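Q: Residues per chain, in single letters:
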Amino acid sequence: MSRISLEDVRRTARLARLAVNEEDLNAYQAHFERLLAFVEDVTEAPIEDVKPLAHPLDMTQRLRPDAVTEADRREALQSSAPRAEDGYYLVPRVIE
Amino acid sequence: MLDQSITQLRAALRSREFSARELVQACLKEIEGRDPALNSLIGVAAEQALAAADAADAQLADGDAPDLCGIPLVHKDNFCTEGLATTCGSKMLADFVPAYSATVVERAAQAGAVTVGKANMDEFAMGSSSEHGHFGAVSNPWDTTRVPGGSSGGSAAAVAGGLVPLATGSDTGGSIRQPAAFCGITGIKPSYGRVSRYGLVAYASSLDQAGVLGRSAEDCAWLLQAISGFDPLDSTSIDRPMEDLVAGLDQDLTGLRVGIPKPYWEGIDDNVVASVSAQLEALLAQGATRVDVEMPNAALAVSTYYLIAQAECSSNLSRYDGVRFGYSCDAPKDLTDLYERSRAEGFGEETRRRILVGTFALSSGYYDAYYGKAMRARRLISDDFQAAFEQCDVLLSPTAPTTAFKLQEKETDPIAMYLADVNTVAVNLAGLPALSMPGPQVDGLPVGGQLIGPYFSESRLLAVAHQLQRGTDWHLARPQ
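Chains as they are written, first to last, in this note's numbering: chain A, 1 to 96; chain B, 97 to 576.
Misleading hints may appear alongside valid ones.
Cβ pair distances, simulated, as ranges [to be verified]:
(1) ALA465(B) with VAL91(A): 30 to 38 Å
(2) ALA54(A) with GLU377(B): 35 to 43 Å
(3) LEU6(A) with GLN144(B): 44 to 52 Å
(4) ALA27(A) with GLN144(B): 41 to 49 Å
(5) VAL193(B) with VAL91(A): 19 to 27 Å
(6) ARG420(B) with ASP66(A): 21 to 29 Å
In case anyone wonders, no lab produced these hints; they're calculated from the structure.
Given the structure is predicted, the values throughout are model-derived calculations rather than measurements.
All C-beta atoms in this analysis are idealised placements derived from N, C-alpha and C, irrespective of residue type, glycine included.
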């Protein structure tokens with residue numbers, strides 16, 4: 001019995017905002033199955049009592065002075081946008 | 097002149113034996129002649145490089161030249177270069193020209209290095225063969241039917257192929273060390289936080305670290321020294337000065353204890369084991385002692401790594417939305433369609449696969465079972481290293497389980513590809529420094545031995561490799 005359904009893959013693709021063709025769903029489902037079996041050595045390991053390590057140096061985030069450090073570079077940065085006009089990013093109409 | 101070490105090139109430039117312009121022209125000529133067969137570069141910046149070389153020549157003439165003045169290099173194409181396309185090997189960023197440069201790029205330029213091009217790579221640094229890029233597969237200079245390793249395969253092939261003496265790379269799970277091993281050169285991944293990640297396109301932020309590739313430990317020391325050090329623009333940068341790595345190459349290593357981590361020598365090709373054993377023998381002959389160490393959780397490393405890396409990648413790559421920069425699909429019917437199709441069309445297959453698995457591992461109901469569990473395993477793996485370094489000063493192992501495999505050999509089997517990283521990923525989980533250095537070749541193909549050290553031991557690692565290279569000639573082999 002497979003533990004990952006096509007609906008699971010569809011739901012994940014929706015969360016990731018990634019369009020997936022119906023014909024590719026099966027291939028992704030197969031990959032999920034194989035990968036989740038592959039990582040069973042970790043997911044099945046009896047290590048619930050171990051404290052998670054999120055960062056290699058176990059450090060805390062450094063704080064910086066609360067001061068403006070970035071210059072206004074809107075024009076330079078917005079020149080990379082696929083569609084921009086009058087300083088705005090253009091997207092398909094959201095409100096009819 | 098391109099066969100000379102950085103120390104020799106520095107001396108020749110300073111004595112005006114040849115000019116920086118002549119050196120850069122020599123690189124451009126090699127690139128033109130040899131790169132069509134290697135595909136190691138995505139972009140060549142000939143005009144900018146020649147202008148920078150002329151500026152370097154002026155500095156050299158004035159006698160106030162910085163350390164790497166006039167030395168040519170390539171940057172992996174995931175380092176942002178202001179005004180020069182930075183593609184990350186992806187259709188998503190095929191036309192992206194950054195408005196700023198990465199700190200690594202800035203510091204290399206401040207040291208006088210001349211950027212001649214941008215190196216090819218696996219898309220978004222996800223891969224171990226440099227076949228997964230939008231700009232085509234890279235070939236290994238030793239055998240063009242084989243992969244150069246990845247993801248910094250373009251950097252490694254460019255250096256090994258004699259196009260440039262130095263290259264930058266990034267290493268999230270072995271992406272500097274494994275291509276260095278496959279291409280017969282030296283490559284070092286520093287401790288997490290040693291080199292700024294500002295302007296390095298993110299893959300998995302708690303694992304990514306920038307580093308360098310060169311033909312010897314000494315060459316690597318020159319470049320790593322130039323790009324290291326605290327950077328307020330990277331919130332995970334370590335505020336601790338880097339030692340003088342070049343001066344440290346000759347440090348006294350009397351009594352060096354070389355740890356042999358048993359699991360890292362199991363399941364490895366016999367010829368690779370023999371080659372790295374020869375490196376161990378050479379170290380012992382120089383006075384080192386051998387210590388066998390247990391690494392009881394080593395087997396968990398690959399699974400832990402891929403769960404964490406894919407989770408972090410799914411988060412990092414959410415920034416590509418088809419709106420602010422990067423690829424955008426044609427005629428989107430609404431905002432969701434714009435996001436979903438821009439991402440599906442802009443990302444390649446392996447990148448999409450990793451985003452999906454990572455999204456799943458972080459999604460509600462699965463987080464504890466997958467990502468949470470991996471973070472617990474990560475501590476066990478890190479603790480193994482801390483225990484090992486109570487018994488030894490460095491660890492030695494094969495860098496990769498085999499020599500370079502054939503192009504397309506593992507392309508259709510992602511998990512077989514992941515296992516190529518079995519000996520390199522744990523180092524990133526623990527944030528440790530490690531390098532790969534060439535051993536005796538096997539059937540005309542390079543082999544790499546991996547040295548791993550405690551936090552901030554870059555200077556010692558480079559010294560061990562340097563002193564080994566001073567007494568052996570394995571790193572001097574060049575492809576025909």
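Q: Could you tell me which of the numbered hints above are not met by this structure, giving the numbers in increasing order?
A: Checked against the structure, no hint fails, so every one of them is satisfied.
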